[in-house]
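**Student:** If you read the protein sequences in the order shown, they are chains A and B. First residue of the first sequence: 1, per this note's numbering; consecutive thereafter. First residue of the second sequence: 1001, per this note's numbering; consecutive thereafter.
Hints are computed from structural coordinates only; laboratory data are not their basis. All of these numbers come straight from a predicted model, not from anything done at the bench. Warning: the hint list may mix true and false statements.
[What the hints assert, rightly or not] Computed footprint of chain B on chain A, listed as stretches where at least three residues anywhere in the stretch have a Cβ under 8 Å from a Cβ of chain B:
hint, segment
1, 136-142
2, 218-226
3, 289-300
4, 329-342
5, 375-381
Each residue gets a CB set at the ideal place from its N, CA and C atoms; glycine is no exception.
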Amino acid sequence: MNSGATQTSEDLRDGGRALWYDKVGLLVAPIAVAAMFLPFMSFAANRIVEAESRSILASLPQTYAVMLLAALGVAALLLLVRTSTKLRAVSAGAAIALLLVAAGLAADHLSADANTYARVRPASGFWLLLFAFSLGLTDAITRLRLRPTTRIALATAALGALLLLVSSGLWSNISFLKEYENQAQLFWREARQHITLSVGSMLAACIVGIPLGITCQNQRGTRSAILNTLTFVQTVPSLALFGLLIAPLSWLASNVPVVSALGIRGIGTAPALVALFAYSLLPITGNTLAGLEGVSTSAREAARGMGMTRHQRLLRIELPLALPAILAGIRIVLVQNIGLTTIAALIGGGGFGVFVFQGLGQASIDLVLLGVIPTIILAFASAVLMDAFIDMSRKERREHR
Amino acid sequence: MRAAWLIRLCLWLLLCLFLAEPQLFADILRPLNRENAPTIYTQGVLWQLTLIHLTLTAVATLAASIVAITLAILVTRRSGRDFLPLSRSVANIGQTFPPVAVLALAVPVLGFGSAPTLVALFLYGLLPIFENTVTGLTTIPPSVSEAARGVGMTAAQRLFKVELPLAAPLILTGIRVSAVISLGTATIGSTVAARTLGEVIIAGLLTNNMAFIVQGAALVGVLAILIFDLLTVAERAFANRFGASATA
Chain A
1 MNSGATQTSE DLRDGGRALW YDKVGLLVAP IAVAAMFLPF MSFAANRIVE AESRSILASL
61 PQTYAVMLLA ALGVAALLLL VRTSTKLRAV SAGAAIALLL VAAGLAADHL SADANTYARV
121 RPASGFWLLL FAFSLGLTDA ITRLRLRPTT RIALATAALG ALLLLVSSGL WSNISFLKEY
181 ENQAQLFWRE ARQHITLSVG SMLAACIVGI PLGITCQNQR GTRSAILNTL TFVQTVPSLA
241 LFGLLIAPLS WLASNVPVVS ALGIRGIGTA PALVALFAYS LLPITGNTLA GLEGVSTSAR
301 EAARGMGMTR HQRLLRIELP LALPAILAGI RIVLVQNIGL TTIAALIGGG GFGVFVFQGL
361 GQASIDLVLL GVIPTIILAF ASAVLMDAFI DMSRKERREH R
Chain B
1001 MRAAWLIRLC LWLLLCLFLA EPQLFADILR PLNRENAPTI YTQGVLWQLT LIHLTLTAVA
1061 TLAASIVAIT LAILVTRRSG RDFLPLSRSV ANIGQTFPPV AVLALAVPVL GFGSAPTLVA
1121 LFLYGLLPIF ENTVTGLTTI PPSVSEAARG VGMTAAQRLF KVELPLAAPL ILTGIRVSAV
1181 ISLGTATIGS TVAARTLGEV IIAGLLTNNM AFIVQGAALV GVLAILIFDL LTVAERAFAN
1241 RFGASATA
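Whole structure, please, built from the sequences with the hints as guidance.
**Tutor:** Okay, structure coming up:
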């Protein structure tokens, strides 16, 4: 009794104090303000000389610079004080959009009287501002608890805006976009390869993993054997697994004519696909099993009572009820595979990793960014999409009941 | 059960033997290669590379554990509650960043070598531990916290005597996941010139030397499995001990 009373009074005090500031804003706003004084852009006359850093005031025409600083200041203030969550989301989003546009304008301004070898790229201040406002935006969006469809729409709009920005040429003076324009064809080829590898292996894993999960549920004897084997596979580091697959696959390619006729080689797409597939099996099988196990006995018995056969029960009752869990497994696999595919570049599998490792080899940040940024966007977009699907399937499941 | 211990012992012995006397295994690896190509990696001493690899992983996992558990405790306290939704989202988004991306982005800031690898391992290792600790601390049954409050425990006592011990199994699982991920990511650290076992695999890939690839990959793979296994056993032992003391 006594303890309950103290808790309520504590709650009252905390709520009644009516803070004028937001605690997350108290963390984020100072970061943003400090970042405004850090170097916004770095400028090098060519690839060889050392880059010099430029502040916001030095990298934009003065009126623009002052306007940008004022706008960012207001956005930071809106994150700091307690206002409506929607307003916070909008102002943080607007600040991010403004930053992206300003980076393009700054690059144009800085390279206006330089030759074509000049390299301009965003510097620490830009990245830190982007980080701070992204934190603010993430916090606001998380608290808004948007509906799945709204989240998909927002993500699509953001992606569209980004593509528009790239194709508009506003960023054409930023160094990694220059790199992109130099090898646009290769970029899209590697993009296709990246998606093929990560989505293809996921689909193959679904075709095998879902039935495997069903088997695990029906035959308890094989369950631990299957799950242990899959855990064992997942433990092997990716580079090691990619490497270990080269040997058997190249042996097959040189000794079995059918295999080599199919275009399978020891290095390249084949070992990459096999390794990604192997990694994908555990989350899908495990989650299918967990989803099926989670189906309530009352649902099972009702289905049995209606005279459904085992087959009907599985297809019409159990699998639909297990869908959220299966989708959660697919989400894990998709995000994981998009990341792992980068490593496939080391064994000639292609994908965005090609730019990353080329960039690391040549010590060129621009090439690294050209590989890293699209990978992160792809992984992030698929996470948002899959999370929305999972929420939708959960809701449907509730309505079914 | 006894078979499992036997396999475990054999694998450990095999690992030690290979690290101590790699030349003994040269004949097994030779058929993989073209004639005259070196079979055993000699540009670095294998056991030294293994030691560096393990040290990097251990340091990163230890640092990540300390920071992640502290952060998780902070955001689950009353005064830190405001940060809970944000920190969960950040952990969630952070996991969509591929390890290679974290590694590659650390290079421009820290240069080549062990430093970017250590930072990437640390940052990437934070997420599973943080997420598991938060889950463990927020899913404690209300009746338990009520009881702890009822017997007059202070907030600190509740945290150390009730909440953390109850969350311990989940926290340990997070640490194990993090350690295994770090072990794998450290391999990729060799692409930015960190001296780890990945060096052997990459040397094999560059010179088309299948024996190098296989010995490097097998070494890392066996190491990862043994460490995963070791931590699982440790977790079970911890759970048994804790379970016993709780019922006593």
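**Student:** With reference to the structure, classify each hint as holding or not holding.
**Tutor:** So, going through the hints one by one against the coordinates:
Coverage of the segment 136-142 of chain A by chain B holds. Counting CB-CB distances below 8 Å, 4 residues qualify, and the rule asks for three or more. With 0 residues having a beta carbon nearer than 8 Å to a beta carbon of chain B, the segment 218-226 of chain A misses the requirement of three or more and the stated coverage is violated. Interface restraint, the segment 289-300 of chain A with chain B: violated (0 residues with C-beta to C-beta distance below 8 Å; minimum three). Coverage of the segment 329-342 of chain A by chain B holds in this model, with 5 residues showing a Cβ closer than 8 Å to a Cβ of that chain against a need of three.
With a threshold of 8 Å between beta carbons, the proposed coverage of the segment 375-381 of chain A by chain B holds, since 4 of its residues qualify and at least three are required.
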